[in-house]
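Engineer: In order, the protein sequences belong to chains G and L.
Residue 19 in our numbering is what sits at position 19 of the first sequence, and the numbering runs on without skipping anything.
Residue 1017 in our numbering is what sits at position 17 of the second sequence, and the numbering runs on without skipping anything.
Hints were generated in silico from the structure; no laboratory data involved.
Predicted, not measured: the structure shown is a model, and the values here were computed from it.
A portion of the hints provided could be inaccurate.
Coverage of chain G stretches by chain L, computed from C-beta distances (three or more under 8 angstroms per stretch; other residues unrestricted) [to be verified]:
no., stretch
1, 44–50
2, 139–146
3, 150–159
4, 278–291
Using 27 angstroms as the maximum straight-line C-alpha spacing, the simulated BS3-like pairs for lysine-lysine come out as follows [to be verified]:
no., chain 1, residue 1, chain 2, residue 2
5, G, Lys260, G, Lys118
6, L, Lys1088, G, Lys229
7, L, Lys1068, G, Lys229
8, L, Lys1166, L, Lys1076
9, G, Lys203, G, Lys229
10, G, Lys3, L, Lys1160
11, G, Lys3, G, Lys20
12, G, Lys3, L, Lys1036
13, G, Lys118, G, Lys203
14, L, Lys1105, L, Lys1041
15, L, Lys1085, L, Lys1036
16, L, Lys1160, L, Lys1068
17, L, Lys1076, G, Lys3
18, L, Lys1068, L, Lys1041
19, L, Lys1105, L, Lys1076
Glycine included, C-beta positions come from ideal geometry on N, C-alpha and C.
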Amino acid sequence: MNKPIFQLVDELPTNNLTTKVLGMLDFVVPGEWNNLVGFDNTIRAVTGETDESLIQQIGERAVQLYNDSSQGYQRALWLYQTVDVSDKVLASGILANKVGETIPLLGFLGHITPQAQKAQTIDFATKLVVEVVAFCQINGIPGDSIGDFVASLADYSGESLMRIVALISLDGLIPLGPRFLDQALSTISALNPHELESNQTFKSVSSLIPGGNSAGQLNFIGTSIDSVKGWMSGFVSERGLTPQSVLAPLKGIVDFSEDKLDYLAAFLDISTNYYEHTGTQTLARRLIERAVAEI
Amino acid sequence: MLIQFRKSLLVFLSVALLLLTSCASAPPSRYQAVQKESTQKGASAVVRESQSGGSFNRFFPPEQDGYKRIYTQEKKGFAEAKLSKEGKELAVMSISDTLNLPTAKAKFANSAQKIAGYPAVEQGSTATALLVGDRYQVKVLSRNPSFTAADRASWLERFKLSELAKLVKS
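Given only the sequences and the hints, what does the whole structure look like? Please build it.
Structural biologist: Given below as structure tokens:
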């Protein structure tokens, strides 16, 4: 059976490569993400309540809501988990390194195959679309107008904002360069449905991507990127984000040379699960917000 | 003497083993019962007859005096919006259908408090709720210490409560 939601939140790691990398990206959105773990901790932090019987009631309602598969929460978590393709063997190899030491990328070169630019671009696009779909599974489509919905999306904060920062940095800027958004749009518009179908990342989540068939899904992906492009490019220029600015802090964790950025991107991709990690935190937060309002 | 020592060593080891094994397995979660109950066949958190979340949006207070309202969730039987001012989150406002959670409605039964003529309760240290038409719960939750219980009551009054009451009859 799948793990209960309280267990998933209780078991979120406090110190691994994922949390370290996210911690290094804190400079982009200072203080937004503080790696809140533990189900009861999350209830206390989200609601500000300390009464144990109230916490129990809130937690129980959140568990009920999560376990009702018609409510979309399980689908959202599945999306966040599945889009993160991690390599357990490599991850355990990394863990074998002493804590506190920088990980030499050189030692893993033989285990990593960097993706071609096109595949990397589809990965970025797929993760972006997963974010939109998971948002709707968790929150519905809030408000009565497109404007309400866009306002709701633009209100990203906390771990949700950190997930987007990581997406921009690790799956955008580092592997694709400063023009990653334009590149994503032009690649997707020139792509044929068959190429999309053969991409591993897309294939793993395609059953929950709207569009009917792969041609429709391709269209949905293009529209999604197009609609967030304005916000995202504004965010990148406002914060002065460049490949160099996000690479600099990563040097404290991984020892790499700048002519191996494709390897670095592939390494981070398979050794971290920031979508799953922050996605679980987002889901817990939203469930708890609903639960405390409903009880 | 040696036998004595061996005996006490044995006792010590068995106690240690007992302690170790009892520590190794995590204590059962306080949510184990609800987990079991809500994963039974046929269990659901939201009933079919529940009102849709989207039908609640129009009863929320309008934006005014520099306060911003951002809708954040819309699920069956539930709608929620965030209230902020000058970029600071102050409160969360919600409407929910208590058909999905009868205990939510039950808490109003012994309430002497009224807000805008509707039965009302304070819940914990951050929430104030009222019940419209014996069915819909309207709640305001503080998300900032500056947003007091009086503020919550005042914002509850700004919902279109009498119109929401008509939804019960429709």
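Engineer: Against the structure, test the hints numbered earlier, and report the numbers of the ones violated in rising order.
Structural biologist: 10, 15, 18
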